[in-house]
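Chains as they are written, first to last, in this note's numbering: chain A, 34 to 459; chain B, 34 to 459.
Note that these hints are calculated values from the structure, not bench results. Keep in mind that the hints are not guaranteed to be accurate.
Since the list gives no way to pick out one identical chain from another, each pair is judged satisfied if it fits inside one copy or across any two copies.
[To be verified] In silico SDA-like links for lysine to any residue, alpha-carbon gap of 25 angstroms or less:
| hint | residue 1 | residue 2 |
| --- | --- | --- |
| 1 | 126 | 455 |
| 2 | 268 | 321 |
| 3 | 141 | 129 |
| 4 | 268 | 63 |
| 5 | 306 | 325 |
| 6 | 451 | 284 |
| 7 | 263 | 307 |
| 8 | 126 | 393 |
| 9 | 263 | 323 |
| 10 | 141 | 419 |
| 11 | 452 | 266 |
| 12 | 246 | 432 |
| 13 | 246 | 215 |
| 14 | 89 | 39 |
| 15 | 105 | 445 |
| 16 | 452 | 109 |
| 17 | 246 | 218 |
| 18 | 141 | 427 |
| 19 | 141 | 437 |
| 20 | 204 | 70 |
| 21 | 41 | 215 |
There are 2 protein chains.
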Amino acid sequence: MSIEEQAKLGREAALRLASASTDAKNNALERIARNLDENRGDILEANEMDVKEAKKANLTPSLIKRLELSDKKIDDIIEGVRSVIGLEDPVGKVLMTTELDESLTLYKVSTPIGLIGVIFESRPDALVQISTLCLKSGNAAILKGGSEAKNSNRVLFNLIKDAIEEDAIFKDAIQLVETREDVRELLKLDEYIDLMIPRGSNTLVRYIQENTKIPVLGHSDGICHVYVDKDADLKMAVDIAFDAKCQYAAVCNAMETLLVHSAIADAFLAAIKTRYDEQGVEIRGDERVRAIIECAEATDEDWVTEYNDLILSIKVVDSLDDAIDHINRYGSHHTDAIVTADERAAERFLNEVDSSSVMWNCSTRFSDGYRYGFGAEVGISTNKIHARGPVGLDGLTIYKYKLIGNGQVVEDYVEGRKKFTHRRLV
Amino acid sequence: MSIEEQAKLGREAALRLASASTDAKNNALERIARNLDENRGDILEANEMDVKEAKKANLTPSLIKRLELSDKKIDDIIEGVRSVIGLEDPVGKVLMTTELDESLTLYKVSTPIGLIGVIFESRPDALVQISTLCLKSGNAAILKGGSEAKNSNRVLFNLIKDAIEEDAIFKDAIQLVETREDVRELLKLDEYIDLMIPRGSNTLVRYIQENTKIPVLGHSDGICHVYVDKDADLKMAVDIAFDAKCQYAAVCNAMETLLVHSAIADAFLAAIKTRYDEQGVEIRGDERVRAIIECAEATDEDWVTEYNDLILSIKVVDSLDDAIDHINRYGSHHTDAIVTADERAAERFLNEVDSSSVMWNCSTRFSDGYRYGFGAEVGISTNKIHARGPVGLDGLTIYKYKLIGNGQVVEDYVEGRKKFTHRRLV
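With the rest of the complex left out, here is chain A (with noise of 0.2 angstroms):
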């Protein structure tokens, strides 16, 4: 089959899944847990396989550790899809009510987006939790996995379709590509695919970004900041910095780049250096920074590099406008937070700072679905339209406007013969 056709059976079943009741879709994703459950066996088998392929291919063994599934971490997985059932369903909701005129009401009423493509790569994980809250969310999706986890991708796949297929409000829900050449067909889809959500590197990110014309969700960069603000809480700080760096270097909301106003410097950058030389951080600071401690030097290609890493670079500021007018030139729009006691002062750096997450007394890594009590994210996104920050389920959704009436026609309006309402209900 082509990938064409593909997309034209996913966005087929699309149409049908829209309907689909809130007990249908969490039965749909019960039989997948049990499927999941039942078949450790052949998981395993497989991923053993691409391990081994990986060993051979000398890949990371940070990136090895992403693809190595266990028997604890398809417990993870099935868990994973049982709190997807326990989530509310974000269809059919009723958004707005609006009376128009007697017996002529307006609802807007939230719904599934319809075929989604997910690129995402290594972890064979991200397979099952896309697909599960698509479905949950009543999307259809095709799926392009990496090709380092091939062979796990298509036997989680194989699971997932035959725990679905015999359903026709199902079937064909979940679609799998396999190569590259595959995701250059996909991209020029637009006409097909609603949404694209890219989960894995920047490059790959840029890449889908760059090459369709079908909205992309999600981000590319995350080049987060934190400000520490002359009235900032010394220890407070220290701590909200060392956090933002060390908790967790490669991922995107960890911090990259360190703001401190020049009348807290002295103190601050001292007693920072020693907390981050003992996780043996490299710090890259500006001439300021240099002046004041011990470290290498920062060019401007820093205030543009995620590093991923335990590398940071550190700018010394005179102002907070400084530091709201660096983080909105070089920052990625990502999440920012600022340190401080003065109220004025972050207020100004929330509502001033364009980023889809902005933070006050605490660390950037607190960005993420989970800890927003999201129960499930979908991906951070950067975007200014549809969804921005953090992403749950909602973000795979949008609505449509039902308008009910009892056979009025625009003419009466028009012709002044009657009048609207406009009366909000809900």
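Assemble chain B onto chain A, guided by the hints.
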């Protein structure tokens, strides 16, 4: 100044505008209204030049009618600005509040999108409308009007600019570009422009959609359907089918294809033909329609044609399913209506027709921001993300997350020393 430099200025203005107070925005709008009022002579003079040139260039009477301003039309424009002042500020609304833990609170707050590119044709009043909608929602805008309205647009733009330029917050917030070459440049500036809104012909919209990586809000085709079910009230069906086609045929929410259930086709088609004949509607029917009434032949091309005129294609179907399939296959996902007394058929139609507005027992012509009670309309969107259907001021906003703590770090939660409460407050 180059287009890129204009866009850069617009982007900087957008950052300032994002924290403008409601009063500041309303005052700016009031200054605009007054400046327009005090300079009617200049507007009319420039418009006269445009109209003279348009007549010389033999533009169609309907184009010239849309281009032409009068004292009365200027009243309407000013009234439009004042009505935007009266609308609720869509920015700064707290959409959700969640306690993540004690003294760690997450707020989801509506924000402007940023810099909006607007490309519109002929009507000079669109320039004022879209500028004021953008300013009210805290967005900057870069505008390109139709070349036919060049002189009118320039005067209107300058009056807006003069009214707000002195105010540092609003400086550079509205930019004008003039040539087609400028538009080509604009479409490349996805780094600066967050959203494009084209308002005009299908050709214009499709050109924009196909030539930019910037998200585009709008719709190209408006191929709307009315489906007359077997259980329709005959008189109601005739009234609705008449209104949907004849009330104003040149607009996107007018019906282009009428679907009729075979069980009611004889009686209904005879009745509606009399009404259409009175208005001179050209009917193109499929074979089964032509067996009942005299009319031209509909080809497959007709099912995908937006006539924007007193022309209509009619098809006889044998079931609700056939009607839904036809609409989802050939329609443009804009607005579609069912006429029926059967509640279950209506419910299925409303759920399964994949369009931005779906209607039961009323005319497709209701699909409109003013009629829906939004106060002002940015346009009608058939997108599947961000905003769908008639788009009000809300469609010009997105949101950001603000997380406010008192020193929290993620490590404490990862290590189990602290636990999230995730208590939804609003």
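Hint check results:
1. For the homomeric pair residue 126 and residue 455, the shortest alpha-carbon distances inside one copy (21 angstroms) and between copies (22 angstroms) are both at most 25 angstroms.
2. Taking the closest pair of Cα atoms, residue 268 and residue 321 come within 25 angstroms of each other only inside a single copy of the chain (22 angstroms); across copies the shortest separation is 82 angstroms, beyond that limit.
3. When the C-alpha separation of residue 141 and residue 129 is checked against a cutoff of 25 angstroms, the pair qualifies both within a copy, at 5 angstroms, and between copies, at 19 angstroms.
4. Taking the closest pair of Cα atoms, residue 268 and residue 63 never come within 25 angstroms of each other, the shortest separation being 48 angstroms inside a single copy and 49 angstroms across copies.
5. For a Cα distance limit of 25 angstroms, the shortest separation of residue 306 from residue 325 inside one copy, 10 angstroms, qualifies, whereas the shortest one across copies, 87 angstroms, does not.
6. Taking CA atoms no more than 25 angstroms apart as the test, residue 451 paired with residue 284 passes between copies only; the shortest distance there is 21 angstroms, against 59 angstroms inside one copy.
7. Proximity of residue 263 and residue 307 under a CA criterion of 25 angstroms is satisfied intra-copy only: 20 angstroms inside one chain copy versus 80 angstroms between copies.
8. Taking CA atoms no more than 25 angstroms apart as the test, residue 126 paired with residue 393 passes between copies only; the shortest distance there is 19 angstroms, against 33 angstroms inside one copy.
9. In the homo-oligomer, the alpha carbons of residue 263 and residue 323 lie at most 25 angstroms apart inside one protomer (19 angstroms), although the nearest pairing across protomers, at 81 angstroms, exceeds that limit.
10. In the homo-oligomer, the alpha carbons of residue 141 and residue 419 lie at most 25 angstroms apart both inside one protomer (16 angstroms) and across protomers (14 angstroms), since each shortest distance falls under that limit.
11. In this assembly of identical chains, residue 452 and residue 266 lie within 25 angstroms of each other by CA distance solely across copies; the values are 24 angstroms between and 60 angstroms within a copy.
12. Taking the shortest Cα distances, residue 246 and residue 432 sit within 25 angstroms of each other both inside one copy (22 angstroms) and across copies (24 angstroms).
13. For a Cα distance limit of 25 angstroms, the shortest separation of residue 246 from residue 215 qualifies both inside one copy, at 16 angstroms, and across copies, at 22 angstroms.
14. For a Cα distance limit of 25 angstroms, the shortest separation of residue 89 from residue 39 qualifies neither inside one copy, at 33 angstroms, nor across copies, at 54 angstroms.
15. For a Cα distance limit of 25 angstroms, the shortest separation of residue 105 from residue 445 across copies, 24 angstroms, qualifies, whereas the shortest one inside one copy, 66 angstroms, does not.
16. Proximity of residue 452 and residue 109 under a CA criterion of 25 angstroms is satisfied inter-copy only: 20 angstroms between copies versus 58 angstroms inside one chain copy.
17. Taking CA atoms no more than 25 angstroms apart as the test, residue 246 paired with residue 218 passes in both settings, with 12 angstroms inside one copy and 18 angstroms between copies.
18. In this assembly of identical chains, residue 141 and residue 427 lie within 25 angstroms of each other by CA distance both inside one copy and across copies; the values are 15 angstroms within and 13 angstroms between.
19. Taking identical chains as interchangeable, the C-alpha atoms of residue 141 and residue 437 lie at most 25 angstroms apart only when both belong to the same chain, with a minimum of 11 angstroms there against 32 angstroms between chains.
20. Taking identical chains as interchangeable, the C-alpha atoms of residue 204 and residue 70 lie at most 25 angstroms apart only when both belong to the same chain, with a minimum of 21 angstroms there against 62 angstroms between chains.
21. Only within a single protomer do residue 41 and residue 215 lie at most 25 angstroms apart by alpha-carbon distance; the minimum there is 15 angstroms, versus 38 angstroms between protomers.
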